[in-house]
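A.B. asks: Listed below are the residues making up each chain.
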Amino acid sequence: MPTKFQRWKESITATDIVMWLIGFALLIFIIMGSILTLRAGRYTPVQWFDFVIYGLAQGSIYALVAMGYTLVYGVLRMINFAHSEVFMSGPFTAYFVAAYFSRSSLLESHPVICLIVVFIVSMSVSTLIAFLLERIAYRPLRNAPRLIPLITAIGASFTLMYLFRGLYGTGFQAYPVWEIFSGKLPIFEGFAIGKIQIFVIFAAALVMVTLYLFIQRTRIGKAVRSVSEDKEAASLMGVDIDKTISITFIIGGAAAGAAGVLYALVFKQVFFMMGFIPGIKAFTAAVLGGIGNIPGAMLGGLLLGLLESIGPALFLDGFDIAAPYQLKDAIAFLVLVLVLIFRPTGLLGERLAVKKA
Amino acid sequence: MEQIRNIWQYGIKVGIIGGIVLILTALIGMIEVFTQRQIIADVISMGHSLYLAAGLFICYTAAKRAVPSKPLSVISCSIFAGLTSSFLLVLLIILGRYLNLRIMFINASDLLLNNLLTFGIQGDWGLILLLTAGIATGLITGLFYLLPDIFRTVVLWSLAGLAFAGVLQELIRPIFANNFPDIVSEWLLTSDGLTVKGASLIFFFIALLISSWSVKGERIRKIWLDLPKKQKSTLNITGAIILLTVVLIAPWRLGLFMSEVMTIVGLYVLLGLGLNIVVGYAGLLDLGYVAFFAIGAYVTALITSPEIMSLTWNLWSAIPFALFFGILAGVLLGVPVLKMRGDYLAIATMGFGEIIRLLVLSDALRPYLGGSQGIGHIAKPQVLGFVFKGPQEIYYLIVAGCLLVIFVSWRLKDSRIGRAWKAMREDEDVAQAMGINLVTNKLLAFGTGAGFAALSGVIFGSKIGSIYPHSFNIMVSINIVCLIIFGGIGSIPGVIVGAAALIGLPELLREFAEYRFLVYGVALVVMMLIRPEGLWPEEAHKRELHEGKTNEATG
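Residue numbers (my numbering), protein chains in the order written: chain A, 1 to 357; chain B, 1001 to 1555.
Mixed in with the good hints there might be a few duds.
Unchecked claim - Subject to a maximum C-alpha distance of 27 Å in a straight line, what follows is the list of computed DSSO-like cross-link-like pairs (lysine-lysine):
(1) B:Lys1413 / B:Lys1232
(2) B:Lys1339 / A:Lys9
(3) A:Lys243 / B:Lys1013
Claimed, not checked - Cβ-Cβ distance ranges computed for the label pairs, FRET-style:
(4) B:Asp1110 / A:Gln47: 51 to 61 Å
(5) A:Lys195 / B:Met1309: 43 to 53 Å
(6) A:Met32 / B:Glu1170: 30 to 40 Å
(7) A:Pro145 / B:Thr1234: 31 to 41 Å
(8) B:Glu1186 / A:Lys268: 33 to 43 Å
No lab work stands behind these hints: they were computed from the structure. Note that the structure is predicted; figures quoted are calculated from it, not measured. Cβ coordinates follow ideal geometry from the N, Cα and C atoms, glycine included.
The task is simple: from the sequences and hints, build the whole structure.
C.D. replies: Listed below in structure tokens is the structure:
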């Protein structure tokens, strides 16, 4: 009678050992880097605090975009590659409204109303694009083999990106600055939080909580959850699958539109390729939290934002690596790959990923 | 009565969708930029052809959905569609008079709105002309739709061929200029666009070809199918030899520009064939393929360039090293992703590809890999003092590489490994139950693919002479996956066709590079919607896709 340990020992393959070695080496690297950095004392507490706040602000934007990926993955089991263009289309269009406000000095007299209008425009454009995307490109392929929707999504992503490039031009457009968001709010001797960061974190939290309650509490939300659980059973219970999928895209689009304006307010510029990198990061966040899981997307977004802003300083600076901040994206991708390798279900993930992916 | 209402509604619906597409085409500046190239000199430009073709297509779509047995219904449906879409354009033009659209839409120029869209007539008469043109297009399309099938096919193909010839005149011009007396090319082509005589010649030539094929085609196919096997293979071999000869003499007959285009296409064929093994044969979607291409190129650069390691070996000695490191990287990156499937595999490999690019780009590794400055002075290949310098010489290197890779993939396809890959592609669990070792076979696929990519990297590096991290971004991987799927997944001729269509065509239309990726994206989406098996599909795969549809619809 083999003991549990013996059976476990027999089930180990060479691959597993290689993977453990990789994981172990990385762990050592991270710990070494952190110790070295902390011992060198290169950053003051104020700087660490700033990193955390920046990370949280960035992370809440990722979390909003990640909602779109996670929702769509939940109902369709596909990676909506074009979601990054849904994210871009809103703020890029809203730029022209914002620029008009800025020219007509409405921005100075009624900043809050202007901000609300910009949000509404951005969210409606993103929603419209997401809706059309599903209607035109994805719906006819509902039953196609897996590879085909993925390629369609890549194609749709190109199409949207270069459509907006053709419409609005190739240049970077500088977003107007809202005076109410400039400057910092001091909280404790030396420690201060940028007003824009506060706004981003709170606005993102507001949108996320609203959407979460919408999905948890309303009838439509229930339909969305049932479709992502089991499409056939949901349709037998009288849920209109097509309509529910459209609604899922609409919710994701609205979140992406809001995230887009926040992104534009932080980075103060928009251009046609602005969606690409945040899109991949947001997807990483969704995977990190457990794809298909809404609280997971939020958690994943915040964690990724933090890792990205603290990571280069904490893990890499200690090794005296030149310009560690250039490797910020590499850290994000590394996190993505590691999560996929070691915990494909993500932090809060359910059984989804292993079998169905 | 009901019927007539439906026709109204349908025609207007199609017209609105078509009108929006037309407006977008105009606003992104496509029509204006395309008017720079003439299809038929001084008669019609590419922009206007696009404009008219879109109009025809809208009306045709509307006509197709009407009741075919009632001629009146077909014609009125198509007229409604034409009228509605031209009406939307009129609205755009009127809007453009009162508002400055350029603040938002940078391409909404005065020239476009008040001249090009109204066929050169300005003012209110232009708007009336546009509406009339909408009705006329609808009427002509409706009448055309009612003609017998054979006539429609012939005219459509001939028009398409004519447009193709006009668009690809840069390709046709050197063929005629280099191989025929001047008088022929002057008769056929002017410095911009086809001549009227040339255009009608092409039109009637294609019409003749198509109509004779539709009469005799079936019989010729039957004769071919009935040929004894031996004769068939002789004919096949003769065909292959002729094709190879054409491929080999092509660069000297087509000139420098075309050779450059062909080397680029060849490079992508090489990359595509490598990835075809991973994606097409083994069914592992790898979006980080460019990493192995980069490894091949960087190993070559390190070994042959004096800039970093001050080794200046010749290019041939770099090939084994590049292959070794490429395959090694393929296997090493393959190990962690062994258990992943489908989308997850795609994302993980994409992550690897980006990590490698970001590492190469970073300042941290600059002393070893050159950072964003790249590495220059990569050796050119030489044989006994003969240096492969220009595109015309490098071309032969690429053709040789392609032939080698084609041979290897062709032999692998039905070999033991190839069949194991195929089983794995269809269903991993079943394959494993049948005794196929997933680990070895997956790693073999990754390794083989990576080796081919590294080989293309060597050729790429020595062709360009200096390499930068920016040449190895994610777009390259996506391009390669797309060309494989566009051509037909798992099919060797499909990769060649896909590379010619997705890489070659855009290279030929360089002046419209702005719209390259837009057209690319639209082509991918449309292709997946109407012909997911690709242009030149592998037989088995095509069958599966069509079976899959019925199966999955029920299950």
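A.B. asks: Determine for every hint whether it applies to the structure shown.
C.D. replies: Consistency of the hints with the structure:
1. B:Lys1413 / B:Lys1232: 22 Å, holds
2. B:Lys1339 / A:Lys9: Between Lys1339 of chain B and Lys9 of chain A the Cα gap is close to 19 Å, so the pair holds against 27 Å.
3. A:Lys243 / B:Lys1013: OK: Lys243 of chain A and Lys1013 of chain B at ~21 Å, within 27 Å.
4. B:Asp1110 / A:Gln47: 51 to 61 Å: 54 Å, holds
5. A:Lys195 / B:Met1309: 43 to 53 Å: With a Cβ separation near 51 Å, Lys195 of chain A and Met1309 of chain B satisfy 43 to 53 Å, so the hint holds.
6. A:Met32 / B:Glu1170: 30 to 40 Å: Given about 58 Å between the Cβ atoms, the range is violated.
7. A:Pro145 / B:Thr1234: 31 to 41 Å: The hint (31 to 41 Å, Cβ to Cβ) holds, given that Pro145 of chain A and Thr1234 of chain B are roughly 39 Å apart.
8. B:Glu1186 / A:Lys268: 33 to 43 Å: Since Glu1186 of chain B and Lys268 of chain A have Cβ atoms about 57 Å apart, the given range 33 to 43 Å is violated.
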